[in-house]
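K.L.:
This is what each chain is made of:
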Amino acid sequence: MQHTPSSPPLRRHFRQTRDRLATALITAGGIGVIAAVMAIGVFLAVEVVPLFWSSTDTPRINLETLWLPQDYEGHRTPVHRWQPAMPEEGGESRFGMLPLVWGTLEAAAWALVIAVPLALGAAAHSALFMSRRLRARLKPTLELMEAMPGVVVGFVAGLVLAPWLDVHLALGMTLLIILPPGLLLAGGLWARLGAGLRRRLPMGWAALWLLPWLLLLWGLSSWLAPLLEAWWFDGDLRAWLEVSLGLDYANRNAIIVGMAMGFAVMPSIYALAEDALSGVPKSLVEGAEALGATRWQTLWKVVLPAAGPGVLSAVMIGAGRAVGETMIVLMASGNTALMTASPLDGLRSMAASIAIELPEAAPGGTHYRLLLLAALLLFVFTFCVNTLAEVVRSRLRRRYHRMGGAS
Amino acid sequence: MPSVIRQRLWAALLVVASIVWASPVSAEEPVGTLGTVGSDTMAGLMLRWGERLARQHPGMRLQLQASGSASAPPALTAGTTLVGPMSRPMAEDEKAMFERRYGYPPRALVVARDALVVVVHRHNPLRSLSRPDLDAIFSDGRRCGAGDSIERWSSLIEGGIEGRIAPHGRNAVSGTHELFRREALCDGAFRPEVSEHPGSAAVVAAVASDPRAIGYAGLNHLTPGVHPVALRDADGALHRPEPAAVRRGDYPFARDLRLYVNLPPGESLPGGERAFVDLVLSPEGQSIVEELGFVALPREVLERQRRRLGLEALDS
Amino acid sequence: MTAPWRRSPKRAASGEGPWAWLAAGSVAASLALLALLLGLLAVRGLGHFWPADVAVVTLDDGRQLAGREVKEVPLSDGDGRERLYRTGNRDLDDAIWAWVDLDEIHEVDHPSGLVVLERRRWGEFIGRLEAIETESGERIVGESTWLALERRLTALAAHRDSIDVLRDQTIRPLVHRLEAGEATLGEREALAKAQARVHERQAAMPADTLVLETVDGRRLRQPLTEVVRALRPNAMGVTEKVVTWGRDVWRFLSEGPRAANTAGGVWPAIFGTILMVVLMSIFVTPFGVLAAVYLNEVAHQGRLTRWVRIGVRNLAGVPSIVYGVFGLGVFVYGIGGHLDDWFFASSLPSPTFGTGGLLWASLTLALLTLPVVIVATEEGLARIPESQREGALALGATRLEMLTRVVLPMATPAMLTGVILAVARAAGEVAPLMLVGVAKLAPQVPLDGEFPFLHLERKFMHLGYHIFDAAFHGGDVQAAMPLIYATALLLVLVILVLNLTAIFLRHHLRSRHGTLPKY
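Residue numbers (my numbering), protein chains in the order written: chain E, 107 to 513; chain L, 2 to 317; chain Z, -10 to 508.
Because the hints were derived from the structure by calculation, they are not lab data.
Don't take each hint at face value.
Chain Z regions said to be covered by chain L (calculated; three or more residues, Cβ under 8 Å) [unchecked claim]: (1) 32 to 38; (2) 75 to 87; (3) 161 to 170; (4) 213 to 226; (5) 416 to 426.
Just so you know, these numbers come straight off a predicted model, no measurement behind them.
Don't be surprised by glycine CBs; every beta carbon is placed ideally from N, CA and C.
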């Protein structure tokens, strides 16, 4: 099939050589690019290794000093401390990495606590109930939400939301209490509406016509909040938290980080989960509906078990993003390397530490390598989680395929 | 043969060029680009001085690279700049590096003063703190002699404010953090509860929004949202963080902001640098210092430094 | 991808139970959050440029102050509220803010005679214009003072413009030649003459003095040459305000920052962001396409390729800060350090390429966005029917010809989508840039008239980092807030536009490929 009688043999030869050359070039280039990208992990590993076997000149570094509590000046019991940048005359540097890992995971956990219910609820609604026209608009809108730069979200969280919550803590809490029953109330009222009005406010567009309802609930909360604070919390929620729960409210805390980062990771979880839910083969769904299940029952009993792995992988990818997010944590967390379980305390994440400390750390020094170790941990964690998620997803795709789905 | 001619031509050109270069056109009016490398605390100051300089001498331009005090000594040593702003004194090894290359130490010019101020929320009744108490609030090891950590307002003052103290400070790699650690913490370590902010302005903003907060920041970042706290000596004498006290040298957490210049002994500065230093050490330059919230130098310090550089005396 | 069961509208949703409503609520809540964020940015960001009225506040004890209301918060002890005014007059009051307890306010008034002067030193002045003292000792008072001031400011602006022109177009090039040792005697004379002319112009500026008075009666003598702009916001009509607003928005977009990033515009940051992103696309496009073509067209489609593909996809999920670390370690310290040793040894130990700069930043971001481009291009390649390739080969094309003439042209929209998505992602990334070359202040843009025109080693400003810097490093966060809002709004708009373009392209692409004949 290569043979074309019109071209002379020399020219054909030239074309074939050129083709082989180009193929070789593409192969080399492609492999090169992929190798360069993959080199990240290798580079980090190579840079981190000297930390453990050339520790003669530097302060003692081994697995123990990194991960176990140590005896430090001024403390009777061993504690974890991350204070790596002490000058020599100023006393020992402290390299307990555990507070950073803790902070990273705590921030990610709170982000998921906020994002997962929102994202999965949104995915279920848009896969099951939403009108097609609205859905076609909603998906790109939420994609835009995903593209919101971290520095903007971090700024709003750290300099707008944190001071606001500082003053309006009770309102925030009231909102949290009132929103779910308020939405259920909306459902109840809707079921009692006349058929005409119900047609005017179809379930498929609930996402839009619920917006004024949310505004109403907001108004209700801001009216209720001072009353609630007076009845239950002796007029001062912060004091009450301190006295009866022993929780101190730090001005920048894990909840604020969680809210901001939840906002940032929610769209990606939503997009993947929605894909998984709406990719379930229609034979399954139709079967369930034919047996008289409501749509919610179909979702719960049929769709979710089938799409479960896909939803799980969506959550995992969200977790990967939350662990590595830098600017939001840096700007909203207070950067205190604490190890407390209280969601009202500050925290410090590995990514934020790298961002502010690495430019000033001397290349090749202990501090530098420790921060690279943090980067390596981030890399390995996200890579593993993402690979797992990807494998789960590709399994799922094949399963749908076998079941004859339209995915 | 043509190559010889070309060589001669080049040589001649070079000679002409060097004559042109060395000729005293700058005696009347300095021109050129003044490159400076150094402190980012002083970046605003340098920029404003540069703007002024460009207005006085239209042919002058200031080129600023503000990547931290540590970048000034290498640049001075390498000769890429003749003026290096630093917010801390040059360390011995940095000086030695410079001396090895040039045979004389770099000349330090104090151009402004800065101070660290302990601040609380504007409605916080705290007005003064003893040094050990300050250490007990911020430090992990309490090297300055306090017995226990102070974590609650109730153990510091009576009434007016309740709850846990929320300490705020700068991040570990900053000069501000270092100065406060050395002076206020007796070289100790910070408690992990101290929020680390990437900038002084952020510390002030955080303190201004939380009545239970306490923090430290540069004098030039003070706003009416926060209240400065005076320091109490063991004998009860108060040190208020006021510009006058800082100027007198009475306030403990103060630092000089310096320009380091590469100036061989006995010589005077070249035109551009001379014009710049002349501006900086003039009342006009010092009023820019005040405008940016730093502390201007007393007149006699200005005069003394001007005399040593061979600049004409200030007219009164 | 459309779920089939949604095509059964006859089923009433009333019996769905409580969970359905919570699910609907979560969509609504997400939309509300997004709207809230965008609304906040838009209102605060654009509102900053509005010349709001200035209030004169009289307190119960008779003190008076003038300023613009900024915000109101409840007092920390729970009773009452306090209000923050931006009062300007830093040279008189030592601060530009004043907190006022609402209970202490006796009266708030908006007299139309108040002026707001924007000055080169000490920021704003808010107060009354009493008189203008001219050089000749003449004193202008009364109604005509304001008009006289406006006239003088216009003349002053013309003077400044002419000096700037002289400086930029005559003096700078001459100084440059002088510094390079190339200036002829004639040019040196021209330089001296130009300098003299600048001084002449400066001397010719109206040396009038404004006599100002604050609302509480303190007098101030202000040299006119330091005044940049004067407004009487309380006396302005709506049209006039809109015009001023538009002019201020333009100034924000076209000017450089002033007063340590807390005032002025963001032009260098816009420029730096765009330049960096353009360089990044130049790096990322060929390599991304190359890798995608290799993976999809050349490589043997076996288990290994599948794993590589998953790996590449996953790299899109690796935190951006990790790429920053890689960029710092490999590009800056590794390659940059060696480049310095080889080519810029004369300026060591101060680094040329061995420190963060434009080149390393765009390379790092290219690496960061490589997976995005690869994945998008691969999707495009996979969507091209096999018949097209087979047809080309059957007609005697070699593989290269098949790729360049048939496959790649068909995949162009996909590549474009990938690159735009990459650009949108890169424009919003800040964390890696903090490690590899962004600067808080880079008055010199990396592109200028000096050889070699594009200075890859220079540090640059970036919109995202500008937000971070102004929010944390500036002199006064409160003063910088409006500018941060405006910058954030600008960044979000840029990214929105880029993403919308990508979405549109992708949509367009899908519909086009939908019409391809299938055999």
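K.L.:
For every hint, state whether the structure bears it out.
P.N.:
Structure-based check of all given hints:
1. 32 to 38: With 0 residues close enough to chain L, the hint is violated.
2. 75 to 87: holds (count 5)
3. 161 to 170: holds (count 6)
4. 213 to 226: That given contact is violated, which follows from only 0 residues of the stretch 213 to 226 of chain Z lying within Cβ reach (below 8 Å) of chain L.
5. 416 to 426: The restraint on the stretch 416 to 426 of chain Z is violated, since only 0 of its residues have a Cβ under 8 Å from chain L and three are required.
The structure shown violates the earlier hints numbered 1, 4, 5.
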